[in-house]
Amino acid sequence: MNKGKLQLQRWMRRDTAAALLFLAPSVIGFGIFYAIPFLLGIYESFTDRTMGGAFVGLDNYKELLDSGSFRKAAGNTLLFTAVGVPLLIVTSLGLAMLLNRSLYFRNGLRTAFIIPLVVPVASIVMIWQIFFDWNGTLNAWLNALGKERVDWLQSDWSMGIIVMMYVWKNIGYNMILFLAGLQSIPKDYYETARIEGAGRLRQLFGITLVYLTPTLFFVVLISVINSFKVFRETYLLAGDYPYDRIYMLQHFMNNMFFALDIQKLTAAATLMVGCIVLLVSGMLRVERRFREDME
Amino acid sequence: MQVRKRWVWLPRLALSLWLGSLAILMLVPILLTVTNSLMTEREIGLNYGLLGQMVDTASGGKDAFVNLKILPDWLSLEQYRHVLVLAPKFLRMFWNSAAMVLPIIVGQVAVAALAAYAFAKLRFFGRDKLFLVYLMTMLMPFQVTLVPNYMVIDWLGLMNSEAAIILPGIFGAFGVFMLRQFMAHIPFAYTEAAKMDGAGQWTIFLRIILPLAKPGLAALVVLLFVDYWNMIEQPIIFLQEAARQPLSLYLSYIDKEARGVAFAASVLYMTPMVLLFLYAESYFVEGVQLSGIKG
Amino acid sequence: MRTKWIGILMSFMLIFALAACSGSNGAGKGGQPANTSGNNQPGSGNGGGVDKPQSGSGSSTPKGEKKTVVFSTFWKDEKFAEAKKRYEALHPNIEIKLEYIDTDNEHVEADLEKFATTTNTAMLAGKGPDLLEMDKLPIDSYVKNGLLVDLETMIERDQEFKRGDYFTNILDNAKVGGGLYGMPLSFFLMGFAGDADAIAKAGVQVDDKSWSWADFAQIGNKLMKDGEFSNVIWTTPGSLLTMMVTDHYASFVDVKNKKASFDSAAFIAMMEQVKKMKEDGVIGEGRPYFFPTQINSAGDYVTTMQEYLSKNMHLYAKPHTKETTPGGYFRSYRTIGLNAKSDVKQEAWDFIKFMMSEEMAYSPLSAGFPINKNVYAKGLEELKKMGSVKGHEDGALKGAAVKVDEARIERLNGYVNGAIHPVAYQSDKIEEIVYQETLAFFSGQKSAEAVAKLIQNKATTYLNE
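Residue numbers (the working numbering), protein chains in the order written: chain A, 1 to 295; chain B, 1 to 295; chain C, 1 to 465.
What the hints contain is simulated information worked out from the structure, not anything from laboratory work. In this text, all values refer to a predicted model and were calculated from it rather than measured experimentally. It cannot be assumed that every hint is accurate.
As the list claims (entries may be wrong) - Ranges of calculated distance between the beta carbons of each label pair, as one might list FRET restraints: (1) A/G57 with C/A250: 31 to 37 Å; (2) C/S251 with B/W95: 53 to 59 Å; (3) A/G57 with C/A450: 41 to 47 Å; (4) C/R163 with A/G57: 42 to 48 Å; (5) C/A450 with B/W95: 46 to 52 Å; (6) C/A116 with B/V85: 30 to 36 Å.
Claimed, not checked - Per the computed footprint, the stretches of chain C lying under chain B, defined by three or more beta-carbons under 8 Å from a beta-carbon of chain B, are: (7) 107-119; (8) 123-129; (9) 437-446.
Using N, Cα and C, we set each Cβ at its ideal position, and we do this for glycine too.
Construct all of the structure, not just a fragment, from the sequences and the given hints.
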């Protein structure tokens, strides 16, 4: 027992030296270009003025929480994330698994689902506009059916439309990750399981999902990050003050940036990051348990 | 057994057809982009001129709709001519993009692979905390880090040079995070076995981990390409000189006046991403055989 | 190049290690630049003589030391290029570096966004150009963040500066947040060009010192009834409504309590009223009595007024609330701000003064009335000498020349000296929202209530941010 512990310590020490070498290039650059700006950003949220203001504690946060628009934006963002992210993940994981089986035209199908990823914002925005504009195609169809027009992006449909745009664009992104993740699961595991008589479902839950956990963790976080990016499309389609339902944190923060209200901006961002980090550390804990199982 | 084999094509065909129809739905915006890129600017103007307009109901506003056309009246390469021949800016920006994105990919893959190995397979003090820091920076909205980033870039004297884009690109946390997740798949048994044979960390990294992480590496290259090909904020701030700006800025925002050529520009814009994807696809959809290495 | 890089990285590692303990504070200090202006201009780094109360001419700096003043504008502007050339010829130790966005018609909106993002970022980082053209930038926010110098402090210290040389009605009213944070190099006149003869003929009295929108509506009705022209005002319902909202801002927007009341009956009534004006022909493009207009220059004044095809056009102040002091409206043009973090404030101020001075070439035909009274007067002399001004080729005059007459110029003097109400260069967010959303109402596509509700929601969001 004692001997084992000693050995572990030695392992640790050996790993630390190697880890330093492996990490050095990344940590240096990361520190300069990401960690410092990140810390400065958080620091700003506690000061009263941009760059070199006095420390004011939580004043900015108080002011932020007093802002009705911030609360609205936070609520909308939460709703969007709570609906959009799970929907996206389930869809893309399902598709990735289906497309991992033997199908006719499998390569073509795969490409079709992934390709929306590469379409530039400008042309996507134009296409969506053609469909959802007041004079757009959807309204033309409604009109043909003898129905009233709907101002799609200024109605309660808007949130659904944004979710659809988000899922459409990001299915490919996640599928690439899931496909790569699925491929990384050694085929031998499935063979062993089959020999042991495990059924399809057992294989799915016992092997696929278990070994996909790290990928899944990654995909969840990236999906959240990509959900911020749908802002660009929303912004180009509906402007900086869109319909109430789709006024998100990104709108709030963008408007704060252009109004040079860096205090509220940084406070809002810090709060948001804080919330996601809580979620992330929960996932990290789950993942750690999984890794210990594997070891 | 015989019966099952004979009828196996039926569910497969059904699934393929179902996925195929879904795929067509996914492809609509892209098909529209491609076919519309073959229209003349005049036709685009006629079809979509009503976007964002409010036509007076007294003068026919009730029936004012855009005219969504799948096929152009006649095929024309006018848009392409406009973009490629009349606006040499486009080609220059295309080249600028390539000259920034390629070093970023090569750099980030190399730096991230090293760091990811440390995070995934080495044990050292504060590993998970440091990793969490990497994750947190990814969550911070760009508006917050813009100003601190500006200070750092200015301090390093990189303003208005491609290095201001490339260096931060190389040290991005995305690759570290992603590869760590893919390396986490690889069972410890493999590395332990190599250690027994006296292999050092470097050898294990090169000979065992990297080959096994191939699907992840391929996926990373594709996703990095997409992310950086589409970057908008960083070049806006750090490359004021128009001659240095990447293509993404050309298409980040389409003024009404530029609508006529947006589709052709988009098609040209996405071509490199599509080609890269088709090339890399086989890497992340081909399974990894662990058994070969194990022996 | 590469060795330089490794050097920078190595030294940075060292700093990073040192700064790590003191946390972000240390990093923040490290971030203080040795250079200003974000452009690696050699030699711009030495502290400028901001606090030295000198009479502010660039030549007072030690010889041989070249200083650079970076001046950033959105458009490429020949006027500034000319100013640079002349100024540098007079001050060989100063370099004026002009920066602008290389834009074209197809990308103006995109480039505007880009310009704002870049400039905001640089300014907030404590860098940025020494001088900025504020026309396209949110000057209020810049002032709130202390990014600009109150030019009054520069004026106070500067014995050479004679206030009387300039249009003080403009200088005094171009203030933002209690200080002169942007120097308007020139301005436009805003108002309603009105056909005084036709109005008199219809038997209507217009007192533009105190006419409210209600008066305007009344006068409009009377003109429609008794006058011979087909319309009262040449505009769109959206623009008219926006003007009315701007004037009655307080009744729809309670900035202090962050409340909007665009869903009120009063606002809906106002919308309906404007729509009715359109339907009745009060608003129309036939032959109206009034044209909302912006007079760009003395030459423009001569032709524009004539372009409405009436001999006796007057410039009226637009209707306003009773509380408003009587006076005309102006819009500042080429407003220059001075970066509070600039190291060459004195030099930059000197350049601003130069651009305001008589040494600048000025043509009475180029855009903007000059802030300098002498320059303006000289321009008028020149205009009189020219005798006539050619009208716009594509305008109603089809390029025909218009005679410059004395009485007309005399009136212009009155307008120029009497303009005291600033009209913002960019419209306010709420005005923008009102204008955009009501388009659907005035075109008959949406109901007043639906539009009012949208405006109310957006305005509330804006006010509560």
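Hints and how they fare:
Roughly 35 Å separates the CB atoms of A/G57 and C/A250, a value that falls within the hinted 31 to 37 Å. Separation of C/S251 from B/W95 is about 57 Å and conforms to the stated range, judged on CB atoms against 53 to 59 Å. Restraint check, A/G57 to C/A450: a C-beta distance of roughly 44 Å satisfies the suggested window 41 to 47 Å. Look at C/R163 against A/G57: about 44 Å separates their beta carbons, and that is inside 42 to 48 Å.
Judged by the Cβ atoms, the range 46 to 52 Å given for C/A450 and B/W95 holds: they are separated by roughly 49 Å. Between C/A116 and B/V85, the C-beta spacing of about 32 Å keeps the proposed range 30 to 36 Å intact. Counting residues of the region 107-119 of chain C whose CB lies closer than 8 Å to any CB of chain B gives 8, which reaches the minimum of 3, so the coverage claim holds. Given as covered by chain B, the region 123-129 of chain C passes the check, having 4 residues with a CB less than 8 Å from a CB of that chain where 3 are the minimum.
For the region 437-446 of chain C, the proposed coverage by chain B is satisfied: 6 residues have a C-beta within less than 8 Å of a C-beta in that chain, meeting the threshold of three.
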